[in-house]
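Undergrad: The listed protein sequences correspond, in order, to chains A and B.
Each residue of the first sequence is one higher than the one before, counting from 282 in my numbering.
Each residue of the second sequence is one higher than the one before, counting from 10 in my numbering.
Everything labelled a hint here was simulated from the structure, so no lab data went into it.
Where hints are given, some of them may not hold.
[What the hints assert, rightly or not] Heads up, simulated DSSO-like pairs for lysine-lysine below, C-alpha to C-alpha not over 30 angstroms straight-line:
#1 A/Lys338 - B/Lys120
#2 A/Lys294 - B/Lys113
#3 B/Lys80 - B/Lys113
#4 B/Lys113 - B/Lys65
#5 B/Lys77 - A/Lys338
#6 B/Lys51 - B/Lys113
#7 B/Lys80 - B/Lys65
#8 B/Lys80 - A/Lys294
#9 B/Lys116 - B/Lys80
#10 B/Lys51 - A/Lys338
#11 A/Lys338 - B/Lys113
#12 B/Lys65 - B/Lys51
#13 A/Lys338 - B/Lys116
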Amino acid sequence: KAGVTQTPRYLIKTRGQQVTLSCSPISGHRSVSWYQQTPGQGLQFLFEYFSETQRNKGNFPGRFSGRQFSNSRSEMNVSTLELGDSALYLCASSPGQRIYGYTFGSGTRLTVV
Amino acid sequence: GESVGLHLPTLSVQEGDNSIINCAYSNSASDYFIWYKQESGKGPQFIIDIRSNMDKRQGQRVTVLLNKTVKHLSLQIAATQPGDSAVYFCAVYGGSQGNLIFGKGTKLSVKP
Numbered sequence: 282k283a284g285v286t287q288t289p290r291y292l293i294k295t296r297g298q299q300v301t302l303s304c305s306p307i308s309g310h311r312s313v314s315w316y317q318q319t320p321g322q323g324l325q326f327l328f329e330y331f332s333e334t335q336r337n338k339g340n341f342p343g344r345f346s347g348r349q350f351s352n353s354r355s356e357m358n359v360s361t362l363e364l365g366d367s368a369l370y371l372c373a374s375s376p377g378q379r380i381y382g383y384t385f386g387s388g389t390r391l392t393v394v
Numbered sequence: 010g011e012s013v014g015l016h017l018p019t020l021s022v023q024e025g026d027n028s029i030i031n032c033a034y035s036n037s038a039s040d041y042f043i044w045y046k047q048e049s050g051k052g053p054q055f056i057i058d059i060r061s062n063m064d065k066r067q068g069q070r071v072t073v074l075l076n077k078t079v080k081h082l083s084l085q086i087a088a089t090q091p092g093d094s095a096v097y098f099c100a101v102y103g104g105s106q107g108n109l110i111f112g113k114g115t116k117l118s119v120k121p
């Protein structure tokens, strides 16, 4: 079966712009989580959605937001981009409310210039 | 909150040798532990997991050991191959947070 699909794979944006990243989970998976990966901070949790509801949120500013649609696809948005937002953004999906069976996508590489 | 520590940021081994990657966690309420492998340009790939009611779990060429007394987790890779070269992360789940907490990762290099 198809894995977790993230689009686009690469993105270059200018400081101050906003960006929307997309994640399509594995078919049947209802939970989607987002992580930011940087060389300095490693993998940091952004937020988690289950059945269109945000269940958990990490320690990121309000410029980072997300949503989940009825088909479980998820988007995350970053407004007023800063240079420090340059990172690999990873999406992971799991079948249910707990994280067993967590599967990651290949990520979206965002570069802010 | 939970923190996950790294013992060694890099590890270099000879092809055919066994590799051991270590991880420490802080929250004794953590109840689920996962090891991931990340190759360049890819997302983390599940290797093996273990729940807190177990001390050891084996997969194909990999073994995870959990010592809850000292809050320590290790990944053993038998007969390490060049294809095992990657960054390995431990991740911890449970306690008050509802998400995985990741360690910083160990970069494994396998010399032919």
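Undergrad: Take the C-alpha atoms of A/Lys338 and B/Lys113, compute the straight-line distance between them, and say whether it is at most 30 angstroms.
TA: Given that 30 angstroms is the threshold and the Cα spacing comes to 20 angstroms, the pair holds.
Undergrad: Regarding the pair B/Lys77 and A/Lys338, is the alpha-carbon distance no greater than 30 angstroms?
TA: holds, 27 angstroms
Undergrad: Given the hint that A/Lys338 pairs with B/Lys120, test it: the Cα-Cα distance must not exceed 30 angstroms.
TA: Violated, at about 41 angstroms.
Undergrad: For A/Lys338 and B/Lys116, compute the direct alpha-carbon distance and say whether it is at most 30 angstroms.
TA: Distance ~29 angstroms between A/Lys338 and B/Lys116 Cα, so the pair holds.
Undergrad: Quickly compare the C-alpha distance for B/Lys80 and B/Lys65 to 30 angstroms and report which way the hint goes.
TA: holds, 14 angstroms
Undergrad: Hey, B/Lys80 versus B/Lys113, does the alpha-carbon distance stay inside 30 angstroms?
TA: Holds: B/Lys80 and B/Lys113 sit about 17 angstroms apart, inside 30 angstroms.
Undergrad: Would you check the hint for B/Lys65 and B/Lys51, treating anything up to 30 angstroms between C-alpha atoms as holding?
TA: holds, 28 angstroms
Undergrad: Holds or violated: B/Lys113 with B/Lys65, Cα cutoff 30 angstroms?
TA: holds, 23 angstroms
Undergrad: Straight-line Cα separation of B/Lys51 and A/Lys338 no greater than 30 angstroms?
TA: Within the cut-off at roughly 24 angstroms; holds.
Undergrad: Holds or violated: B/Lys80 and A/Lys294, Cα atoms, limit 30 angstroms.
TA: Not satisfied, since the Cα-Cα distance of roughly 42 angstroms exceeds 30 angstroms.
Undergrad: Hinted pair, alpha-carbon criterion (30 angstroms max): A/Lys294, B/Lys113. Please report holds or violated.
TA: Roughly 27 angstroms between the alpha carbons, so the hint for A/Lys294 and B/Lys113 holds.
Undergrad: Going straight from one Cα to the other, do B/Lys116 and B/Lys80 come out at no more than 30 angstroms?
TA: holds, 22 angstroms
The structure does not agree with the numbered hints 1 and 8 stated previously, though it agrees with the rest.
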